[in-house]
Amino acid sequence: MSGIEVFLTDFLKLTFLSMVPFILAAQGTMLGGRTGVFNVAQEGIMLTGASVGFLVGYLSGNVLFGVICAMLVGGLFGLILAYFTTTLKMDQFVVGLALFFMGLGLSSLLPKIALGVTLTPPLIPTLPDISIPLLSKIPFIGPILFNQNILVYISVILSVALWYTLFRTNLGLRLRSVGENPKTADSLGISVNQYRYLTSIIGGMLIGLAGAYLPMVYTGTFTDLMVKGRGWIAIALTFFGGWSPIPIMFGALFFAGVEVLSFRMQVGGGIFPYQFLIMLPYIATIIVMVFTFGKAKVPGFLGQNYDRERRSL
Amino acid sequence: MDQSAILEMHGVNKTFDKVVALSNVDFELKQNEILGLLGGNGAGKTTLMNILFGLYKMDSGKVLLSGQPVTITSPRDALLKGIGMVHQHFLQINNFTVIENIILGSKVSQPFTANYAKEEALVQKLCTQFSLEIDLSARIETLPMGTRQKVEILKALYRGVKVLILDEPTTNLIPQEVDSLFQTLKIMVKEGLSIVFITHKLREVLSVCDRISVLREGKNVISLTRKDASDDMLVRAMVGEGMDLKNSVIFAEGLVSDQKTNKPAILNVKGISKINADKTQAISDIDLSIHEGEVFGIAGVAGNGQRDLAEVIMGIQPSTSGTVFFGGEEITKEDTKERISRGFVYIPEDRLADGFLNKVSVAYNLILGYHHLAPYSNKGFINWKNVKKSSKEMISEYNIKTTGPDEIGGNLSGGNIQRVMIARAFSQNSKLLIAHNLTRGLDIPSMDFVYKKIKTQSATGVATLVISEDLDELLLICDRIAVMYRGKIVGILTRDKFEKYEIGRLMSGYEQSQEETGKGK
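These protein sequence lines are chains A and B, in that order.
Heads up: the first sequence begins at 4 in this note's numbering, then just goes up one per residue.
Heads up: the second sequence begins at 994 in this note's numbering, then just goes up one per residue.
These are calculated hints, taken from the structure and not from any lab test.
Treat the hints with care, since some could be wrong.
[Claimed, not checked] The calculated EDC-like cross-link candidates involving lysine to aspartate or glutamate, where the alpha carbons are at most 20 angstroms apart (straight line), are:
1. B:K1011 x A:D310
2. B:K1023 x B:D1271
3. A:K300 x B:E1134
4. B:K1183 x B:E1134
Here the structure is a predicted model, which means the values were calculated and not measured.
Generate coordinates for the entire structure from the input sequences, incorporating the hints supplied.
Shown next, in the form of structure tokens:
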């Protein structure tokens, strides 16, 4: 294999590996938004998911159990968001920001309570790659696409499943109607609150899982602030993907590519200063946003709360 | 005809934050009848029906369906019990198709495939039965109002309702569409439904209803059959004893226009076009001139560029091309503040977004936009004594229901917010008033008050540009009416040429295809 091919294989494999947290967090955001609940606490939920996932995995010795707990905690955040916005009708943005700060604090507090201060970082085993028989033997493509950890496959299957559910099932039709025009949905006997709770909780679980992915795949341990803005980028990505699962998946691939590129260039040293390189994903976000935000197809009722008895003026 | 009551409501009470909306109201709907529920804005008609449909909870009272007491807790509940409602603002999802909107919320034969063939066949059958013609695969946002209303009716029929409530169903329809709606209603009654028709328009109840109930200020006034009803009786029932009908504008007969086009033109708009950011044409090549003292109306189905035209004339939006002259001077490049100094006054369409501040006091709202002018302001400082004094005057003259100038604007009801906007506009020393949906949310005496104000102002030479979706309003007060369709003015009629159906044809863009046939739709 030539040098270029090695580099490219490596780069693409890492890109697919890195797209997972973006996909999971953005699909979680999208799902809540499709019923009008706009979560902006991704960064905090991911941090808590990473922290809890790692701690439970480490203390119980069972990584799967860690994953489940991270998802449960994410779901709990989603439940809190749904309760404050849907039941108490508080401003979604304010509640979301509060949850972000809560997650931020919680994520660094929990390891200190559970483990104390340690000199050597405690480690959990990272997820192994799973080779798909036959497919992984395809030259070039095989190692990139079919020799990855299980969550890479799951995130792609999830995206397709979400697309099918939203656009090809009666459940999806109802769900979208709540996010477009809850009054209409309500008048046809669709329980607006029920769908908002459901999607907010499942969305939170996906975001929690996105957080847990980081220690489980990248580092094997939890470090403070390890999400590094991926949660915020997931919000941008949701708009970039027009609140649609398949475009979101490809958007995630793009952002993952930029992220890997910036790491590669840091490792390689060279002409660009380190600070510039870590700016790269965010610059990409801004550029992408400039070109897509205005045209983004946003659910009609995104970020608003529905009150049946409020009289329209 | 079977005349037993299918639906009764007894002693219904409802208050919204201390405001009494309904007090001890009784209501009865008989089998196979069209009942007209008549009343002005704020009479409680819609509130009463929203209770029946499960959207609002009543504070006390009971509901009987076919003689059996029932409690309706949600729209779902109402639908299950066979009660459907077509709201004034259609409850539809704009980016869904017609069939998706119809089946939404109901069980479908194939929940996992998005294949609605079976349901489509069912709806198609209903379409034939009630002679409603609709393309089921069209997206809602592409359809005209009349068709969207048919979708709304189909939604109810698809759910097999026995009672259908229609809330102000003629509001956004052109006269031709109104006629076709009335045909549909008559077919529905023949097919066994019972219908409640909510309206504030007298002529409509008299032309289509079997029985009429009138509400005023949340109370029953009268209920009677059509043959017992007369114009005078219903008018009196709707407006109460307090209003002087003889000197009203609304109920006066044969108003004549005194050729105001002889007077000098004050506003000249020449070839104004505006292209939106997304390259669509908002308004194109508008020419119009308004004369001193003239009341110039703009008719059109909502969303045909009326708002853009008003905002271009006010200088809120720039035009892409064309010129605007005021009193002979070109003002195309002037901003809104300069135009206000010239005597422009604007009542915007969307009062909550563009005309009113929810979180500041009524007094602030009453001077908003004119706060930099005398007597409110002196060398850049606001003279609060003058502001207080004139707000108090405005509150009493315009009958604004508020605790005083210091009350927070957001506490006011929709009708009172509109009164604030009107008070503000009419208290200025203006030369040109641009008013978009001027009387929205007002009761009949207040509407009449506003019309009188316009008459008085125009006698002193103030020109008025009235943009309205209510054709009856325009026919009542305007000297000339221009019709807008897709951003163009497709016709201007003088008062002696006013004809409802002709304007309706223009509103539906009929002129564009006039060569085809003469038979209309």
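Which numbered hints are broken by the structure, listed smallest first? 2 and 4
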